[in-house]
Each structure stands twice: as structure tokens, then as C-alpha cells.
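Trainee: Sequence:
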Amino acid sequence: MIQVIGAGLPRTGTTSLKAALERLGFGPCHHMQELRAHPEQAALWARAADGEADWRGLLEGYRAAVDWPGAHFWRPLARAHPDAKVILSVRDPHTWYASMRDTVFALLSNPGAAPEEFKAVVIGMRPVLNRIWHDTFATTLDEPMPAERHAVDVFNRHTAEVTAALPAERVLVYESGQGWEPLCAFLGVAVPDEPYPRLNDRQSAQTRLRGTARG
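The opening position of the sequence shown corresponds to residue 18 in this note's numbering, with each subsequent residue numbered one higher.
You may find that some hints are simply not true.
Here are the simulated SDA-like pairs of lysine to any residue, each with C-alpha atoms no more than 25 Å apart in a straight line [as the list claims (entries may be wrong)]: (1) K102 x E77; (2) K136 x E211; (3) K102 x T157; (4) K102 x P199; (5) K102 x P214; (6) K136 x D109; (7) K136 x K102; (8) K136 x V121.
Simulated DEER-style distance windows between Cβ atoms [unchecked claim]: (9) T180 x H111: 31 to 41 Å; (10) G205 x R166: 34 to 44 Å; (11) G205 x D67: 17 to 27 Å.
Treat the hints as calculated values from the structure; they're not laboratory data.
Backbone N, C-alpha and C define an ideal beta-carbon position, used for all residues, glycine too.
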């Protein structure tokens with residue numbers, strides 16, 4: 018049963034949030050990374066994009082979900098799991114744009130250059146992610162990266178839509194770098210005696226992409 022739904026866009030600390038939620042007992046947490054171990058899920062997400070999902074059963078076996086593809090479907094997931102709390106991860110929209118441009122867009126627009134460990138996922142999920150990209154930015158992955166002003170407007174509109182659609186007590190706007198305290202208070206769990214995870218930042222993601230390109 019899903020207890021936590023991440024509504025934040027990619028590159029808002031979702032990999033770190035996945036690790037944090039699992040550390041707090043809300044695991045397993047679905048993330049795009051899960052497709053590496055479960056490529057068969059691509060067909061389920063394709064049906065979801067076609068409006069044919071069983072929203073209660075789609076994430077069976079998971080207690081939380083963050084990042085695309087799940088975050089794109091936060092509305093039907095929130096309806097299907099009315100007791101689940103929603104975390105809207107955010108960051109400065111201009112730095113988010115640069116990170117999206119240099120990592121997610123670079124990866125999805127040229128799947129042949131993906132790191133080997135991600136290549137099958139990127140290729141298998143590209144049709145679904147292309148539709149999500151179009152729904153989000155009104156462009157496709159075959160077109161240039163959207164202009165910064167447009168993308169920042171999309172980011173800010175997304176934040177406004179999530180917060181307007183849900184009761185205040187159900188959603189946490191969680192900014193990258195805030196650490197354990199607001200997250201644990203929102204979820205009603207104790208703060209761990211260890212640093213908050215910091216994974217898959219822009220520099221490490223770019224390093225992987227550059228290394229693959231050189232290889």
C-alpha cells in the first residue's frame with residue numbers, strides 16, 4: 018500500500034529522497050531506477066500513460082514512489098491512495114533547469130549515449146517519457162531543450178497546482194537541502210542519528226554521462 022507519493026519533478030533531490038524514505042521505513046520506494054531491475058514495468062507505465070492503469074495495483078509491493086514516471090501521475094495516485102501523504106520536492110527553478118538540461122534531457126534525447134547500466138531503461142521507457150515530457154513542457158525529446166523561461170514557468174506552475182489541489186495537511190513542500198527534520202515531522206517518525214542522504218547530484222550525473230561519451 019502506497020503511503021507516500023512524491024510529486025516533485027526529476028532533479029529535485031528525488032534519488033536522495035528515495036533513500037531517505039527507505040531509511041525511515043517507507044520502502045521499497047519506487048523511482049525510475051527501479052526499471053533497471055524490473056524492465057517489465059515499462060509496459061505497465063505505458064498503459065498508465067494511455068489512461069488504462071489500475072492505480073491501486075500499479076505500485077503493488079511499494080510503500081512510496083518518487084521521481085518520474087510515478088510523480089507525473091500524482092493526481093490519480095493521490096485519489097487512489099487517499100491516506101497517502103504527498104511530498105512535493107522543490108529547489109531553485111533556475112538551477113533545476115540547468116540540471117535537467119545537462120542530465121535528464123541529455124540522457125533521454127540521446128539514449129544511445131546512456132551509461133550501460135541505464136541504457137535498457139532509457140530505451141524501453143523513452144516512449145512513455147516522451148509523452149510525459151510533452152505533457153510537462155509541450156515539446157518532445159526530439160526537439161531542443163525548452164527555453165529556461167518556459168521551463169521555469171512550468172516548474173512554478175507545477176508547484177502551484179500540487180499545493181492548490183491538496184489539503185495543506187496532506188502535502189509537504191520539501192526543499193532540497195532541508196534535511197531530516199521537516200520530512201520526519203510531516204511523516205510522524207523519529208529523526209535518524211545520521212546525515213540525510215545526498216545522492217546523484219548534478220556533478221556526479223554529468224560525470225557518468227561524460228565517461229560514457231568518451232568510452
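Trainee: Now tell me, hint by hint, if it's right for this structure.
Mentor: Hints, one by one, checked against the model:
no.: 1; hint: K102 x E77; result: holds (17 Å)
no.: 2; hint: K136 x E211; result: violated (33 Å)
no.: 3; hint: K102 x T157; result: violated (31 Å)
no.: 4; hint: K102 x P199; result: holds (13 Å)
no.: 5; hint: K102 x P214; result: holds (21 Å)
no.: 6; hint: K136 x D109; result: violated (29 Å)
no.: 7; hint: K136 x K102; result: violated (32 Å)
no.: 8; hint: K136 x V121; result: holds (13 Å)
no.: 9; hint: T180 x H111: 31 to 41 Å; result: violated (20 Å)
no.: 10; hint: G205 x R166: 34 to 44 Å; result: holds (39 Å)
no.: 11; hint: G205 x D67: 17 to 27 Å; result: violated (36 Å)
Checked against the numbered hints above, the structure breaks hints 2, 3, 6, 7, 9 and 11 and satisfies the rest.
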